[in-house]
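Student: One line per chain: the protein sequences are P and X, in this order.
For the first sequence, our numbering gives the first residue as 1, with consecutive numbering after it.
For the second sequence, our numbering gives the first residue as 410, with consecutive numbering after it.
What follows is a list of derived Cβ distance ranges for each label pair: (1) X:Arg590 x P:Leu6: 47 to 53 Å; (2) X:Ala463 x P:Asp239: 44 to 50 Å; (3) P:Trp12 x X:Ala438: 53 to 59 Å.
Hints listed in this document are in silico derivations from the structure and should not be mistaken for laboratory results.
Think of the CB as a built atom: it goes at the ideal place given N, C-alpha and C, for glycine as much as any other residue.
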Amino acid sequence: MRSRALAGLARWSLFAACVALPAWLWPHGAMLGYLAQTAALVVLALSYNLQLGTTGLLSFGHAAFAGLGAFAAAHWFNRFGGPLPLLPLVGGMAGAGFGFVAGLLATRRSGTAFAMITLGLGECVAAAAWSVPAWFGGIGGVPIDRASGTPWGGWHFGAPVQAYAVIAAWCVVSAFAMHALTRTPLARLANAVRDNPERVAALGTDPRRVRLAMVTCASFFAGIAGTLTLIDVEIATPDSVSMARSATVLIAAVIGGTGAFFGPAAGAAMLTALSIVVAGVSRAWALYLGVLFVVIVVAAPRGIAGIAQALAHALRRGAPAAERWRMLCGVGACMFWGVAIVCAAELGYAWRFAQDDGTGLAFGAWGIDADTPAGWAVACSAAGIGTLLWGWRARFAQGAQSGKREDGR
Amino acid sequence: MNGNAIALHGITQRFGAQTVLDGVELNIAAGERHALIGPNGAGKSTLFGVIAGATRPTRGRVVLHGVELRGRGPVVASRLGIGRSFQQTSAFARLTVFDNLRCAALHAPAERRRWWNRLRESASVDLAATRVLHDIGLDARRDTPAAELGYAEQRALDLGVALASGARTLLLDEPTAGMSRTQAARMIALIRATTQGRTVLMIEHDMDAVFGFAERITVLVRGTVVATGEPDAIRADPVVRAAYLGEGSV
Chain P
1 MRSRALAGLA RWSLFAACVA LPAWLWPHGA MLGYLAQTAA LVVLALSYNL
51 QLGTTGLLSF GHAAFAGLGA FAAAHWFNRF GGPLPLLPLV GGMAGAGFGF
101 VAGLLATRRS GTAFAMITLG LGECVAAAAW SVPAWFGGIG GVPIDRASGT
151 PWGGWHFGAP VQAYAVIAAW CVVSAFAMHA LTRTPLARLA NAVRDNPERV
201 AALGTDPRRV RLAMVTCASF FAGIAGTLTL IDVEIATPDS VSMARSATVL
251 IAAVIGGTGA FFGPAAGAAM LTALSIVVAG VSRAWALYLG VLFVVIVVAA
301 PRGIAGIAQA LAHALRRGAP AAERWRMLCG VGACMFWGVA IVCAAELGYA
351 WRFAQDDGTG LAFGAWGIDA DTPAGWAVAC SAAGIGTLLW GWRARFAQGA
401 QSGKREDGR
Chain X
410 MNGNAIALHG ITQRFGAQTV LDGVELNIAA GERHALIGPN GAGKSTLFGV
460 IAGATRPTRG RVVLHGVELR GRGPVVASRL GIGRSFQQTS AFARLTVFDN
510 LRCAALHAPA ERRRWWNRLR ESASVDLAAT RVLHDIGLDA RRDTPAAELG
560 YAEQRALDLG VALASGARTL LLDEPTAGMS RTQAARMIAL IRATTQGRTV
610 LMIEHDMDAV FGFAERITVL VRGTVVATGE PDAIRADPVV RAAYLGEGSV
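Given these sequences and hints, build the entire structure.
Tutor: In structure tokens form, the structure reads like this:
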């Protein structure tokens, strides 16, 4: 019991450190922008998991509530002002309101029907964002001036550091609130609805009401996430309610792993890193994201959180050597395949663009020349080594299993 | 308690052209142990669905503890005191045994109206769940996910979920299906011990279990009740012998 409490404390300290430390060490614009984007997506992905992981509801329109919350907050801020640090509450309330109304319709069903209804509602909101410019501001969106609110203790929140302090604080507080929510009997009932709705109905709770409650809560935190983005970029754009944004949060949650509370947060951090850091050095980042997503869904359905748990399990004290070798081979195989895929993708892009405009392509510091066979040789050999390692891993697996069987007898 | 726990009047259930239940009349007194038997396809599970509100009958009235259900669905039926175990093993697979029971204990009549129970752990809910956990003999498996239990344990948990919900009347659909003879005997003993003072309506194929357990038996054949009575009378009834027991192993 005590070790579990310690592990929880360690996790929360690590989370808070990840949010706060980089901003404290490197407080310049690009870093703060990256962190603010990550923090907003972390909140959105965690709120998404209140539906997907906790209640078993796959939604294709979750960003709509974040975006609508952001628009409501932007209009509120431009009309009534008020202190900026309380603005996410306005966005959250608006998100919860819209989520409740949409949930009345969507939670009549679960499973595929729920997913389809949310897809339709998401499309409706995305379409409305373009066709009602009076409210959504058309192509320009609805801008705010974040320094125009009521100042707090000498802070006007115009400076990026001050704005990020607001975002970081809300990120940690929201994550904590969502974690507390997942520990309530209501969330346990939502787990029960996920596992077996008929049985919950036979106990005397309408599963639909549980779903509606969870969708409303998730939309509240989505509204907060949307407002955090608004505070960061000082504009609410129709892009924020787009289906692409909904897909992003779905991908982040699945990559991170929906089974663990912090899984989606890890996925969100990974996704932002890919879309900002990797996108800065390579044109193929979307391809890498797609490959990563497919690999996770096929080979590691429990996501980054599941991989981390498996690693910790293999490295625990007293683990059998075969298990450790197996894990080592798996990690090695993944790394070599990663190298192979990156080499092949970069060479392919280089070859393509060399034909198009004749300019050379660079991956970071390295110039890439698709015509030399060296790069292709590296790609092929890395793939070969990866496959070899994977084969060894399978042999360890068989060894471990037959060992277990002998133990059993 | 006076009156009937369950009263069915002229229940008819049609799925398309097929008539599954045809004018079923059934009264089960409060506190009674009643068994429902019949050959495969007689409509026993459909009748359970009707009583529990999961299926709305084509015609007829369902009266539960003196209140007419009027097709209002399983949530209302359970509020009228009906608890149910399922034929398919159907606890909440990814929750632990204890959490399964806590979810159910949240619905006991005394806890149901305390909305704050949904937001905060409640000592009385935990206590009720612990008591049921002990009753069904799964103390050692408290923190095991339900999906990892053995088959007989899962059936015991399924019974436990129905018990913890505090229902006055329990519908048990083949609680010993697929069990070995010893497991089945243990399950029947468990049901007998844990359902003291409650009404039990049980579908069962194991004739030893039925005749040892029930105070009254109803025989359902092709959607109609062919006999209702005490075990000895049922055993002697020529219509029942011809329709059902003759095919069996008694």
